[in-house]
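These protein sequence lines map, in sequence, to chains A and B.
Counting in this note's numbering, the first sequence runs from 1 upward without gaps.
Counting in this note's numbering, the second sequence runs from 1 upward without gaps.
If you are wondering where the hints come from, they were derived from the structure by calculation, not from laboratory data.
Bear in mind that the values here come from a model prediction, so they are computed numbers and not experimental data.
All the given hints hold, so there is nothing to weed out.
Output of the computed footprint for chain A on chain B, the stretches with three or more beta carbons under 8 Å from beta carbons of chain A:
#, segment
1, 42–56
2, 126–139
Below, computed lysine-lysine pairings styled on PhoX-like, alpha-carbon distance capped at 25 Å:
#, chain 1, residue 1, chain 2, residue 2
3, B, Lys90, A, Lys32
4, A, Lys299, A, Lys253
5, A, Lys35, B, Lys90
6, A, Lys35, B, Lys131
Not close to chain A: a few residues of chain B, all C-beta gaps over 12 Å, as computed:
#, residue
7, Ala27
8, Ala77
9, Glu96
10, Lys105
11, Tyr116
12, Val117
13, Gly202
14, Asp243
15, Ala277
16, Leu280
17, Glu283
18, Glu292
19, Pro317
For every residue, glycine included, the Cβ atom is placed at its ideal position computed from N, Cα and C.
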Amino acid sequence: MANDTLRRFSALNDTDRTIDAQGLRQLEAALKADKELLMGNIILLGEVPSYAGTWMSDDETADPSYSVRARFFAERLAELGADECGTDRLGNPIGLVKGSEPARAPILVVAELDSLYAPNGDIHYELRDGNIYGPGILDNALGAAAALSLPDMLKRHGAPLRGDLIIAGLANTMRDAKNIALIERFVDGLERKPCAAVIVKGGELGRLNYFSDAVIRADLVCERREDERGAAEDMVVTATELVDRFLGIRIPKRPKSSLTVGMIKAGRKYGDPAAHARIGLEIRSLSNDVLAELSRQVKDIVDLVRYEQRVDLVYDVAVELGAQNLGWEHPLVRTAVGVMRALELEPDVYPSVSELFYFLDRGIPAVTVGVARGQDYHQETAHASIDSLFTGMAQLMGLVTALDTGGCHG
Amino acid sequence: MAKTVDWLKERTFHHSAFSDLAALVRAKEERGLRISLCFPTLNEAATIAKEIVVMRSELQLRYPLIDEIVVIDSGSADATREVAAEYGAKVYLADEILPEIPAYKGKGENLWKALYVLEGDIILYIDADIKNIHPRFAYGLLGPLLLTEGVRFSKAFYDRPIALDQKNIKPTGGGRVTELVTRPLFSLFYPELSQFIQPLSGEYAGFRDCFDSISFPIGYGIETSMLLDLYERYGMDAMAQVDLDKRVHRNQSTLALGRMSFGIMQTFLAKLKASGAATLDAELYDTMIQYELEAGGYRRRESRIHIVERPPIVSVPAYLEKFPGRKPDA
Numbered sequence: 001m002a003n004d005t006l007r008r009f010s011a012l013n014d015t016d017r018t019i020d021a022q023g024l025r026q027l028e029a030a031l032k033a034d035k036e037l038l039m040g041n042i043i044l045l046g047e048v049p050s051y052a053g054t055w056m057s058d059d060e061t062a063d064p065s066y067s068v069r070a071r072f073f074a075e076r077l078a079e080l081g082a083d084e085c086g087t088d089r090l091g092n093p094i095g096l097v098k099g100s101e102p103a104r105a106p107i108l109v110v111a112e113l114d115s116l117y118a119p120n121g122d123i124h125y126e127l128r129d130g131n132i133y134g135p136g137i138l139d140n141a142l143g144a145a146a147a148l149s150l151p152d153m154l155k156r157h158g159a160p161l162r163g164d165l166i167i168a169g170l171a172n173t174m175r176d177a178k179n180i181a182l183i184e185r186f187v188d189g190l191e192r193k194p195c196a197a198v199i200v201k202g203g204e205l206g207r208l209n210y211f212s213d214a215v216i217r218a219d220l221v222c223e224r225r226e227d228e229r230g231a232a233e234d235m236v237v238t239a240t241e242l243v244d245r246f247l248g249i250r251i252p253k254r255p256k257s258s259l260t261v262g263m264i265k266a267g268r269k270y271g272d273p274a275a276h277a278r279i280g281l282e283i284r285s286l287s288n289d290v291l292a293e294l295s296r297q298v299k300d301i302v303d304l305v306r307y308e309q310r311v312d313l314v315y316d317v318a319v320e321l322g323a324q325n326l327g328w329e330h331p332l333v334r335t336a337v338g339v340m341r342a343l344e345l346e347p348d349v350y351p352s353v354s355e356l357f358y359f360l361d362r363g364i365p366a367v368t369v370g371v372a373r374g375q376d377y378h379q380e381t382a383h384a385s386i387d388s389l390f391t392g393m394a395q396l397m398g399l400v401t402a403l404d405t406g407g408c409h410g
Numbered sequence: 001m002a003k004t005v006d007w008l009k010e011r012t013f014h015h016s017a018f019s020d021l022a023a024l025v026r027a028k029e030e031r032g033l034r035i036s037l038c039f040p041t042l043n044e045a046a047t048i049a050k051e052i053v054v055m056r057s058e059l060q061l062r063y064p065l066i067d068e069i070v071v072i073d074s075g076s077a078d079a080t081r082e083v084a085a086e087y088g089a090k091v092y093l094a095d096e097i098l099p100e101i102p103a104y105k106g107k108g109e110n111l112w113k114a115l116y117v118l119e120g121d122i123i124l125y126i127d128a129d130i131k132n133i134h135p136r137f138a139y140g141l142l143g144p145l146l147l148t149e150g151v152r153f154s155k156a157f158y159d160r161p162i163a164l165d166q167k168n169i170k171p172t173g174g175g176r177v178t179e180l181v182t183r184p185l186f187s188l189f190y191p192e193l194s195q196f197i198q199p200l201s202g203e204y205a206g207f208r209d210c211f212d213s214i215s216f217p218i219g220y221g222i223e224t225s226m227l228l229d230l231y232e233r234y235g236m237d238a239m240a241q242v243d244l245d246k247r248v249h250r251n252q253s254t255l256a257l258g259r260m261s262f263g264i265m266q267t268f269l270a271k272l273k274a275s276g277a278a279t280l281d282a283e284l285y286d287t288m289i290q291y292e293l294e295a296g297g298y299r300r301r302e303s304r305i306h307i308v309e310r311p312p313i314v315s316v317p318a319y320l321e322k323f324p325g326r327k328p329d330a
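Required output: the full structure, derived from the provided sequences and hints.
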């Protein structure tokens, strides 16, 4: 039944570009009937440690950046029916599901493998109260498990694909802010330019990101100058001075912009003036020009404080991304909205940073979607609603199928 | 002791040797076998769903290795039965199986009664409190039965950390009863059996005749009794042990382990006496006496632990009616 359902869905989508809502709801029900398959993948992947790293070697101890989760992802992709499986030159696991028309540009489905919250020790997921509990499940074990499940689920419930489907797990992206550059290298290393990229996140079901804020994430490192007359002694005071001045910067409401001091680290003991301080700062704007202006003001403040307080100040930009916008009218966005509405999901549209920018910047149409509703994202008690998983997976499969049959090719 | 070395070498496996699930399915189908997985439960709502999901997903839906997943419940006060049924297991209340026979409570009772409702030629028992459940717990134990000539029973062993609470895992420990009670007893009377790394592990698999032709103590002594009986009936070569890597389970207090040890010793001594391997003239007491520190004093705690033993189920007429191919031993 489910096979027929998605085949009808694809055929309908191909001819008149409308979404077969009934077919998608039936797919959702079919996924729920085989709930153990998707839940099994989530549990098995989620319980594999997500220490940041890639899969570059068979010797787990030889490489400190080795990721057992990346290896699991690759091996599991092969088990679940990917026609080819391997890694790119960065060690990201990649699977290929072959379509019947290999000349078509492929669709890329990509998910980060690491979990932002990765506790020490073993991870044990639990099923209770209609939820799956597990640290790291929403960011991003669940997103990775959904992407991983595609070959098997499409085989069981979907229509044969016309174009190729590439499924990639992005490893090593959450170790620190600078690791976002690895996403750029992944995108630049793609051997075939996809017609569309779907970025899969664990949560939140209904999210739709198709434009990215311009963003700068920077570390400000304050160091005391020893033995310099008149130099500021306590870097906590210097950091406070910087923050006070940052808060005095006028932030425009249009285009929407923000400046956030997200982290401050300084000092060792109650009674000792701090010799070092580090501030983590993020500036975001929908406008590249506004971002540049805010960045200039931040740098001016840094220079001013450096000279006035006679301290060593380093303004270290970890991430600098421009604003990109696929546009509401783009066929990929329209298709995604159509699939969501067919599943009675109200698209939650907001700007995103990170992966999305790199795809859009390289002219690859891309959206970010979530596959479950959940809570306590980056805590021990993170959990996702089991019922929402099947809607999320139907959304992902519906989107891939719709893109394959039309939406991807204008 | 050359024989000991051979058994360890030839009958000790690692689960990874059996990770080719398609090969296991082929072996099962070529021999026309059916496999039943049984979870004995008592208030396992916290873990049973995950156990069933993982087994059903990997070993039923993806690879048709296990033909049925059955939960035999001792009367849980939590939602164990409802949760298990929701995830597709067949669920039975132990008291409702063979209702014409007076019921007892205990894991051994569940395992024994399970034999009546399970349909498989091979039966796999897995405890329902495993936090890190993985398909290897099943295919690792089934592998030797399906692929190694002459093996009729397989038993798990582990590197066993203990879950102290929700967050903390104690990386070493576990097996205290094994090392302080069971292995010394085996070493004294049945040295060959001391080669089982974890003779008390709750996960094992075997052909139906292994289980239906032996008696089942309903309480703590079931694993010890089973090994002694199978050893006597089939010998070491028909038994295997499989390393399933890590198993995370709930910790038990020393007092609880003391009562377990009492039950195991009771069973062991009774078997010893019955086999004629030793004589014991004195009558044994059936009460475990323990002391707990309480409000500055010691409180005496007595636990009566009876040996109640189910006979081989193959001697029960209702069982023979259901499985006419089986017959009691002469």
